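Chemist: Line order of the protein sequences matches chains U and H. Going letter by letter, the first sequence gives residues -3 to 454 in the working numbering. Going letter by letter, the second sequence gives residues -3 to 454 in the working numbering.
Keep in mind the hints are simulated off the structure, nothing from the lab. Careful, some of the hints might be misleading.
Said to hold, decoys possible - Pair by pair, the computed Cβ-Cβ distance ranges are:
# : chain 1 : residue 1 : chain 2 : residue 2 : range
1 : H       : L95       : U       : Q357      : 42 to 52 Å
2 : H       : K407      : U       : K358      : 37 to 47 Å
3 : U       : R106      : H       : L95       : 21 to 31 Å
4 : H       : P92       : U       : Q168      : 45 to 55 Å
5 : U       : P283      : H       : T59       : 53 to 63 Å
6 : H       : N94       : U       : D332      : 44 to 54 Å
7 : U       : L133      : H       : N94       : 47 to 57 Å
Small disclaimer: the values here were computed from a predicted structure and weren't measured. Each residue gets a CB set at the ideal place from its N, CA and C atoms; glycine is no exception.
2 protein chains.
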Amino acid sequence: MEPKLNTYLHDAQPRQLAELQEWLRIPSISTLSAHKGDVHRAAEWLVTNMRQAGLENITLIDTDTQPMVYADWLHAGSDRPTVLIYGHFDVQPVDPLNLWHTPPFEPTVRGDDLFARGASDDKGQTFIHVKAVEALLQTTGKLPVNVKFIIEGEEESGSGAINRYVPAHADQLAADAVLISDTHILSPDQPAILYGLRGMWRAQITVTGASHDLHSGSYGGAIHNANQALAEILAALHDSTGRVTVPGFYDDVRVLSADERASLARVPYGDKEILADSGAPAVYGEPEYTVVERTGARPTLEINGMWGGFIEEGFKTVIPSQAFAKISCRLVPNQDPARIGKLVTDYLKQLAPPTVRVDVQKSHDGAFAFLTPYDTPAIQAAGRAYTQVFGTEPIFTLEGGGIPVVNVFQKELGAPIVLMGFGLPDDNLHAPNEKFHIPNFYNGIRTSIAFLQEMAKL
Amino acid sequence: MEPKLNTYLHDAQPRQLAELQEWLRIPSISTLSAHKGDVHRAAEWLVTNMRQAGLENITLIDTDTQPMVYADWLHAGSDRPTVLIYGHFDVQPVDPLNLWHTPPFEPTVRGDDLFARGASDDKGQTFIHVKAVEALLQTTGKLPVNVKFIIEGEEESGSGAINRYVPAHADQLAADAVLISDTHILSPDQPAILYGLRGMWRAQITVTGASHDLHSGSYGGAIHNANQALAEILAALHDSTGRVTVPGFYDDVRVLSADERASLARVPYGDKEILADSGAPAVYGEPEYTVVERTGARPTLEINGMWGGFIEEGFKTVIPSQAFAKISCRLVPNQDPARIGKLVTDYLKQLAPPTVRVDVQKSHDGAFAFLTPYDTPAIQAAGRAYTQVFGTEPIFTLEGGGIPVVNVFQKELGAPIVLMGFGLPDDNLHAPNEKFHIPNFYNGIRTSIAFLQEMAKL
């Protein structure tokens, strides 16, 4: 890296961190309607910051749901590739709030980590690329490739607006590669490139027994308790080995080849590591698959939320009329979320005894899983960028989380997707005490610069 | 009934109802610590009302938990029997509040019903006897028997104080019969006398998997979801016929004789009636027992509350670290709540897979079920009182709810317990829109007077 840029990056660190903290103070929770204004404020903040960074054509795109921000710099020349950078500025809810050591929207540095909701997922990782572009423009006045940004505000609530926007604006967004940083590497010293992500289908289940809550003394033993019926239905969704029992659930699941299983076995993450990260007393799940395979290459059905009856302090000997669950399936290639949704819904209704009624309300259309060959030139360019900055070649692996918009990019833009993550496995995504490893933030900016430079050579 | 008393009772109705509404406005929820002051205010209100009624030695008994009120009138002569009247002025919580048609603590008359939390359970039924004594004292200056009142403020939260008070004050409370109105009759035209009540054991279950909430993308498939583990454990507590699967649970259950089953079959309440009352789509439970037997003579295990993970608006694809349930068992003679508690706790721990930890926290020591022969003279006196006022002989039956203090009275005072209820099966006890049938309130006052007069003849 040239000395002037190197010095700039060193000197800019305190300001870059302070700016990120300012963005993280905006509680842009897209799943809660009360925070709609905050999501918009986070978009406005990004617009201002992008202007200072030297980006052009900066647009706050208001939609029926949550806003997006577009920006570009297109003066590298028509012979140079174009990179589209995607990220999101909305964040997950923060409950249970009492488990946070410091408030989720008061970003706090402890040791080498920055604690805040959205620090890693995804404001911090998105901000890396804004600062990379800024560093190049301020030290050299130009970028080695053409760059476009499309940053959305509802990744955590279905990506509805961008899923509609991309097909309608494929020309505006046209690119030779799509760069996304919304994943994690294996450790601060071991970068990784994901070549597959799981998809998603989710729904809320409502079990209704009696028409109103009943006294358990007068009715207990003769009317089915909705909590009990829900527990009985939910318990029937997995067998004792952790395999999902929904008929047909695994029909379309991509079978791992011996070569791919050998490659995945190189990932230094197993029972010991997942137990240390999770604090669970024992590992769970399909015994014929490794932890990396279970979380990356196998589909799941999770009960994300469950409630019914009296859940306050004290006791109330009630037979609840209704009980509820929020469930989600992580999907793998080649599962179709619509088909899985139908299979799960049909099975839930089939499990319902005559004593209750079961309703299933899907939350959105779901997302397909994503898989891309890792010999693609843009992905190899990302690998060289990591190696330059981290001093270690990345490992190629699969990840369990999904990025809903990836499929739309792949389908509508026809460009390879480069998943260049800078999070860590213990970042507490979607949980209390989310954090971002600050050295990854600074190394991320350097890696983003190196990637743009490597792309210029293609 | 003598004309003067009859006229008095007719004219007093609007005032009696207005007084009851005033008492019902006090939100005396004993299970919620925020309402501790309200429980005390409900006791103070009763003290004032009892003074106006002409009772003597009125005492507000403060305790470590909730207060009680004692009062008496002991001038009938030592040759006359003494009746101890028990009731309670604390009430159940009111959630889900949005299902109430009118606010729970703004008592509202609609048609022949008075809607309010506590209207039937148990302020309304307790107040019947205060107004009966008042009517006799104000029209005749005396009572036909000696009367004592002990009214508690924590029936809905374990009756801790009165359970300690009765053994220590057996002389003060000594009586020839204990009269309790905290149950229901079959219809406004069909009185009933309960000769058995179910007991109770209850606990909170905590299932802990990971040490913190996890992202279902990164960990799903390899760490046991606490909601799922809880559902699997709870689902294992009943078989498909509704029978509790806890080993030894039914060991001590009293076997019904053919005679008793024939007597219970006279109760005009079956599948059709319980479906109409509950609004459930089908009846549940042990097929070899009738609805009356299931709810009166068979023990149960209910999940009164259940919660874990993300239960707010929207979605959060989390694997919760913990999940919780509040369970309760209704017990029958001769089940020992301590033994049942141990059996249930042991079984819950046995059901726990190695992937989670299960903790069981019992809420109190529980209560034995209650059973008394119905040829006892005091119970027969109650039967004659009902017949005089309602014009119909009462049916003898069993009830599913429990009144925790009944066992203490039976053991410490050695007096027969007379369960003279004035509620109705559809009073929505412990549920939204609790109500009290106003004709039952007025008929209850007359029946209480008739009972005291019948007791004087024994």
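Chemist: Starting from the hint list further up, note which numbers the structure goes against and sort them upward.
Modeler: As far as the earlier hints go, 1, 2, 3 and 6 are violated by this structure, in ascending order.
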